[in-house]
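Visitor: If you want the building blocks of each chain, they are given just below.
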Amino acid sequence: MYTIEIRNLCKTIKNAVILEDINLKLESGNVYGFVGKNGSGKTMLFRSLAGLVHPTSGEVVINGKILHKDIAFVENLGLIIENVGLYPEFTGFKNLKLLAKINNKINDEQIKATIARVGLDPEDKRTVKKYSLGMRQRIVLAQALMESPDVLLLDEPTNGLDEAGTELIRSILREEVKRGALIAIASHDKEDIAFLCDTKYKMTAGRLEEMA
Amino acid sequence: MKKNLMKALLAIPVTLVHHIMELHNYQATHAPVAELFMEHLFSGSPSRTTDDIVMNVIGLFEILIFNLIFGTFLYHDLNTNGIYAIARQKGRHTWYFRKVAELFLYTVIWVSGYLTSVLLLSSYTTSLSIDSVAVTMFVTTLIILTFFAFVITLLINLCAIRFGSNFGFVIVYLALILLTGLAIINEKIPFLKNLPLLLKLNPMANAVVNWDLSGSKTLFACIYFFAFSLLAVLIGLRYIAKMDIGIQDRENSQ
Ligand SMILES: Nc1ncnc2c1ncn2[C@@H]1O[C@H](COP(=O)(O)OP(=O)(O)O)[C@@H](O)[C@H]1O
Ligand SMILES: [Mg+2]
Chain G
0 MYTIEIRNLC
10 KTIKNAVILE
20 DINLKLESGN
30 VYGFVGKNGS
40 GKTMLFRSLA
50 GLVHPTSGEV
60 VINGKILHKD
70 IAFVENLGLI
80 IENVGLYPEF
90 TGFKNLKLLA
100 KINNKINDEQ
110 IKATIARVGL
120 DPEDKRTVKK
130 YSLGMRQRIV
140 LAQALMESPD
150 VLLLDEPTNG
160 LDEAGTELIR
170 SILREEVKRG
180 ALIAIASHDK
190 EDIAFLCDTK
200 YKMTAGRLEE
210 MA
Chain W
0 MKKNLMKALL
10 AIPVTLVHHI
20 MELHNYQATH
30 APVAELFMEH
40 LFSGSPSRTT
50 DDIVMNVIGL
60 FEILIFNLIF
70 GTFLYHDLNT
80 NGIYAIARQK
90 GRHTWYFRKV
100 AELFLYTVIW
110 VSGYLTSVLL
120 LSSYTTSLSI
130 DSVAVTMFVT
140 TLIILTFFAF
150 VITLLINLCA
160 IRFGSNFGFV
170 IVYLALILLT
180 GLAIINEKIP
190 FLKNLPLLLK
200 LNPMANAVVN
210 WDLSGSKTLF
220 ACIYFFAFSL
230 LAVLIGLRYI
240 AKMDIGIQDR
250 ENSQ
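As you go down the protein sequences, you meet chains G and W in turn.
Going by numbering that gives the first Met the number 0, the first residue of the first sequence is number 0, and it counts up by one from there.
Going by numbering that gives the first Met the number 0, the first residue of the second sequence is number 0, and it counts up by one from there.
It should be emphasised that the hints constitute simulated quantities derived from the structure, not laboratory data.
Yeah, the Cβ is synthetic: ideal placement off N, Cα and C, and Gly gets one too.
Hints may be right or wrong, so weigh each one.
Unchecked claim - Simulated restraints on C-beta separations:
{"id": "1", "chain 1": "W", "residue 1": "Phe219", "chain 2": "G", "residue 2": "Gln109", "range": "26 to 32 Å"}
{"id": "2", "chain 1": "G", "residue 1": "Gly63", "chain 2": "W", "residue 2": "Leu67", "range": "44 to 50 Å"}
{"id": "3", "chain 1": "G", "residue 1": "His53", "chain 2": "W", "residue 2": "Gly180", "range": "56 to 62 Å"}
{"id": "4", "chain 1": "W", "residue 1": "Ala174", "chain 2": "G", "residue 2": "Asp188", "range": "56 to 62 Å"}
Said to hold, decoys possible - In silico DSS-like links for lysine-lysine, alpha-carbon gap of 30 Å or less:
{"id": "5", "chain 1": "G", "residue 1": "Lys96", "chain 2": "W", "residue 2": "Lys241"}
{"id": "6", "chain 1": "G", "residue 1": "Lys68", "chain 2": "G", "residue 2": "Lys104"}
{"id": "7", "chain 1": "W", "residue 1": "Lys199", "chain 2": "G", "residue 2": "Lys96"}
{"id": "8", "chain 1": "W", "residue 1": "Lys89", "chain 2": "G", "residue 2": "Lys64"}
{"id": "9", "chain 1": "G", "residue 1": "Lys93", "chain 2": "G", "residue 2": "Lys104"}
{"id": "10", "chain 1": "G", "residue 1": "Lys104", "chain 2": "W", "residue 2": "Lys192"}
Build out the structure end to end from the sequences listed, making use of the hints.
Guide: Here is the structure:
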């Protein structure tokens with residue numbers, strides 16, 4: 000059971016307010032959606048949740064532990080950050096293997112199964128550089144899913160995907176939430192969020208409000 | 000890992016190409032290997048006229064190539080793909096220390112490849128064989144240049160992380176050129192000459208080993224660069240702990 004609490008989170012960069020007084024509580028077994036225009040602060044919020052960005056004020060608390068104080072990163076996190084891809088000069092499998100080695104929780108077979116799960120060929124010998132946009136998005140998703148994380152933070156997970164890809168992600172995420180994961184999705188596409196999420200938030204210029 | 004290892008081993012061909020002309024022009028001599036070793040390394044005399052200082056510093060060419068190849072070794076991870084690796088760690092320091100250790104390993108490989116090539120070239124051009132003086136000189140130079148190359152490369156990476164990938168190399172090399180200039184005028188301006196510590200603490204003066212081959216100077220240079228490296232590692236650690244990961248590029252383009 001995971002709880003993520005955001006308390007009075009503010010982020011300012013060079014006098015520009017990027018996130019303004021965000022308060023939020025997220026729990027396992029739910030899918031949370033964040034919609035908002037480009038530049039409204041979704042990616043910054045996700046970076047803050049992942050521990051990559053320090054809040055200017057306020058805090059992120061994960062299972063009672065304060066981020067940047069008690070812990071550095073969310074444990075068992077599956078992460079996608081918008082426009083952050085994998086090493087282009089390696090194959091998809093090699094990329095995932097490098098990441099999996101850090102915590103040694105899964106073996107090669109499990110990595111390959113995840114690659115197949117997102118609709119790619121685990122034996123594909125091409126480097127990620129040669130992947131199409133949709134394939135890149137899928138391999139990044141595989142990276143986030145492969146270790147059965149407790150928390151999935153997915154920033155624009157359907158970017159560059161066709162309809163079949165979007166449908167596949169939706170069915171995968173339904174399975175993940177059944178498994179008990181806490182899922183947060185950011186998207187500029189309302190439809191993505193509408194299909195998947197139990198609780199929806201709208202971001203406008205760094206402010207968050209719950210949607211009906 | 001394997002790719003970086005190959006890159007570090009590039010030191011050997013780079014050195015051979017750099018020194019091939021000298022080798023070609025070289026007449027077989029009876030000079031001691033140690034003397035030739037220094038001559039090949041710094042391609043100048045141990046005196047400190049402006050020309051000599053410039054020639055001596057240009058002798059550090061192989062270190063420059065290393066800086067170019069590994070100047071974004073840490074930066075690269077922090078700004079792109081590596082985010083997924085970092086978020087899987089226990090802490091930022093785990094990532095940082097591993098990267099720093101890897102960088103140090105590649106520096107050792109690079110400088111070893113570089114100096115071994117020069118040593119072999121030197122022994123090739125003389126009828127005398129490698130003696131204990133040459134070996135001592137080799138080891139001392141290896142220590143000094145390894146720490147020198149390491150600390151410079153680390154600083155380039157940290158500047159790249161702080162100021163943007165294009166700036167890391169430029170900032171550090173501007174500083175090195177400035178320090179070389181300082182070493183040059185040090186001999187000419189009486190006021191500076193009266194401040195011997197200034198030259199003693201100048202990294203360029205410590206990196207150019209043949210300026211003073213007495214044991215105390217080289218020992219000082221070893222300790223100096225070790226302390227310098229330790230300081231740079233700690234500054235980096237502190238900066239990495241406090242920084243926001245992955246938003247640098249945006250900051251610079253704005
Ligand atoms: N490194 C940065 N420096 C300054 N401002 C930034 C930086 N990164 C993002 N921003 C600003 O923060 C705001 C939110 O950006 P972002 O979180 O990427 O929005 P979204 O993901 O909703 O499109 C934007 O106004 C953007 O210009
Ligand atoms: Mg975004």
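Visitor: Starting from the hint list further up, note which numbers the structure goes against and sort them upward.
Guide: 1, 3, 4, 7, 10
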